[in-house]
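So the sequences go chain by chain: A and B. Heads up: the first sequence runs through residues 634 to 1025, numbered per the numbering used here. Heads up: the second sequence runs through residues 591 to 891, numbered per the numbering used here.
No wet-lab data here; the hints were simulated from the structure. Warning: the hint list may mix true and false statements.
Below, computed lysine to any residue pairings styled on SDA-like, alpha-carbon distance capped at 20 Å [what the hints assert, rightly or not]:
#, chain 1, residue 1, chain 2, residue 2
1, A, LYS868, A, TRP793
2, B, LYS803, B, ALA650
3, B, LYS802, B, ASP623
4, A, LYS826, B, LEU640
5, A, LYS868, A, GLN858
6, A, LYS861, B, HIS683
7, A, LYS898, A, HIS807
8, B, LYS803, B, HIS862
9, A, LYS861, B, SER669
Residues from chain B shown here face chain A by an in silico Cβ test under 7 Å; the list is partial [to be verified]:
#, residue
10, LEU624
11, LEU626
12, ARG657
13, SER658
14, SER671
15, ASP677
16, LEU678
17, GLN680
18, LEU682
19, ARG695
Just so we're clear, the structure is a prediction, and the values are computed from it rather than from any experiment. Glycine residues also receive a C-beta, built at the ideal position from the N, C-alpha and C atoms.
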Amino acid sequence: MSLASPTGTPAGRSLMEGSEALVRAAIAAGCRFFAGYPMTPFTEVLEHFARLLPDAGGVCVNAESELEAVGMAWGALATGARAATGSTGQGLSLMQESFSEITLAELPLVIFNMARGQQDYYQATRGGGHGDYRHIVLAPQDVAEGVELVQLAFHLADKWRNPVLIYGDYLLAHTQESISVERIDFAEPLPPKTWAVDGSTSGSGRSKSVTPLGVAKHGQPAMGQEGKAQYGATKIPFMEREVRSESEWLDDAETVIVAFGSPAKFVKYAIKQLRAAGHRIGYVRPITLWPFPYEAVAAAARGPHVQRVGSFELCAGQMIDDVRIGVAGAAPVHFIGGVSTDGSGFGVGRILDVEQVTARVLALHQGVEQPTVPGYETFGYEIQPHQMEPTR
Amino acid sequence: MSTTSANPTPLGAVLNTTRAPTGARVVEPLLPDLLLTQEHQMCPGCGEPLAVRCYLDVLAELGVANRSIAVAGIGCYTSFSGTIDLDLVQALHGRAPSVATGVKRMLPDSIVMTLQGDGDMVNEGLQEVLHTAARGESITVVLLNNGVFGETGGHMTATSVIGQRTKNSLDGRDPSYHGYPILIGDLIAQLQGAAYVARGSVHNAGAVARTKKMFRRAFEAQINREGFSFVEVLTMCPTGWFIPTREGPQYMTETLGEVHIMGELKVDGRVHTTEEIHAENVARQTEIEAQLARGGLDTEG
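For reference, chain A alone in the conformation it holds in the complex (with noise of 0.2 Å):
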């Protein structure tokens, strides 16, 4: 089955919308099933799956709101079905409840969020939700390793029976790029669904059911909930297994950049400029942003030369404390990203720009102060007297 798209040769690379790739992807991955509520710049993905699913024999479900999509995914998935949902972190705000439950219920979900910015970092690791869970966060930073990750994750998802969310962003979901979706075939198998349900086991005496509060059917051994909940906590390092990243430039790095997504590729374009000019930079670009790449960054924050680590981020800086725990004190650790806005409300902004990027890296490896983020003259808090001595 061909699913490039339509206006390009079946089995070449065509230009195509990062939001139609990811959604070619879910679908070849065996992704039938999605509901979603619109919101930029999530939209265009609902957009395509609205148009593309029908015809791959699934189904599309324009929800009311996302606490109804992510119910009906919730009942898509119980079926032994490959679903998902999404949305930009505002939305999957909404949806955190569900999370945490279909979490306990083992069920595989996948979540797309075309954020805006990185300011959903904690909520993509931490969870908004209630109790004890993870969900393994893959950041693809560009549509071709979307295309892989959205496929990965579909298949991480059945592997561990646990969500797993694609953190993209507005430039994800909307570059073209020229791409060709082909269907990974992953080499492990994975088991069969013996626990979904279809009815047919309804009225025989061993009738099924998903549940995560941990209640069983009469006569057979019941977890309850706490247990249910010592079941997934006791999965969580097995689940961690599955980290990646990727690393360059680090055998003679005097200062090391960690970045993540879309800005992540603005870094390492960077770096690489700022390396052919003599500077001794190298970067980790964690992949997996749960599991957290500690190990990677530890080990680069090592390094024979390091002197600094840089944390690059469009947010007020979050993934910085996964950084430190990595880095472990081995080198002082410095935010060096920033809220970006350019008056979209997309989060990208202008800090994302080349100029701007390398010279935020060049300011931390060279010890100079950091250059004001772009709007921070304009919007940037101004301390009140009241305020400038912390409560004794």
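With chain A's structure known, arrange chain B on it following the hints.
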């Protein structure tokens, strides 16, 4: 509203179930259809086990049990998820209609029903049930309406009637302070996607028989892909109403039953108003009384 019984009798004399009556013997073991055990975890006098039995019986009678999937909300009735012999998906409080939508869209030939209470559906999940009905999802949504949050211990819900005493409306529901109850069945009947809407109860044998007919029509609507079907069942909750167990049926008819009028609210696309249903009920009762006056009830119907 008065609920005192005219002739109080010690409860033990009425409800001593600790041993079989003198002379009783087991004729044959009784395990109702689609139940894994005869036991349930509800309080004495609760109407929910009766309501659940009603729809399980109908599923078995229709011969569609082996393609039926239940989606349960959160409330006392959640414990039925372990005792009913149906494939089941546990949903969050209020979200069962959306979860059922996902199930049905992936398995269009299955029979999908939700099981929700009034707190779950009319408080927490009002938008979910309305949107699902408006979408005309081919599922059967079941509301167990006792006008109270039973599981938390007797608190006001969106269906509690004016004057109803609960733990957070101690002097009775006052419309100027607590607002008015939602007649959810009447609301859903107005939506174009709803094919069949009915409100029954389980407070006596006649009501149980009538409610089973409602379930049959609702499931038939789903089987025939007519659209969304909805059955509301008024259930007794003596514990949550803070009344003696055996007064449950009478309290129910005098309070909830006077506001949430029992009957078929939408059949074959025609909406029946509360006034119409009430008039039908009065006529039916008048007829029954006339038959009794003539010496006995007609058997059919």
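Here is how each hint holds up against the structure:
1. A:LYS868 / A:TRP793: With Cα atoms ~8 Å apart, LYS868 (chain A) and TRP793 (chain A) stay inside 20 Å; holds.
2. B:LYS803 / B:ALA650: Given that 20 Å is the threshold and the Cα spacing comes to 13 Å, the pair holds.
3. B:LYS802 / B:ASP623: This hinted pair holds, its Cα atoms lying about 14 Å apart.
4. A:LYS826 / B:LEU640: violated (34 Å)
5. A:LYS868 / A:GLN858: This hinted pair holds, its Cα atoms lying about 16 Å apart.
6. A:LYS861 / B:HIS683: Judged against 20 Å, a Cα distance of about 18 Å means the pair holds.
7. A:LYS898 / A:HIS807: holds (16 Å)
8. B:LYS803 / B:HIS862: Given pair LYS803 (chain B), HIS862 (chain B) holds - Cα atoms ~17 Å apart, limit 20 Å.
9. A:LYS861 / B:SER669: Roughly 16 Å separates the two Cα atoms, so the pair holds.
10. LEU624: holds (6 Å)
11. LEU626: holds (4 Å)
12. ARG657: Nearest chain A Cβ about 4 Å off; hint holds.
13. SER658: Given a least distance of 5 Å, the restraint on SER658 (chain B) holds.
14. SER671: Since chain A brings a Cβ to about 5 Å from SER671 (chain B), closer than 7 Å, the hint holds.
15. ASP677: Holds, because the Cβ-Cβ distance from ASP677 (chain B) to chain A comes to roughly 4 Å (cut-off 7 Å).
16. LEU678: Holds, about 4 Å.
17. GLN680: holds (4 Å)
18. LEU682: Because about 6 Å separates LEU682 (chain B) from the closest Cβ in chain A, which is inside the 7 Å limit, the hint holds.
19. ARG695: holds (5 Å)
In this structure, only the earlier hint numbered 4 is contradicted, and the remaining ones agree with it.
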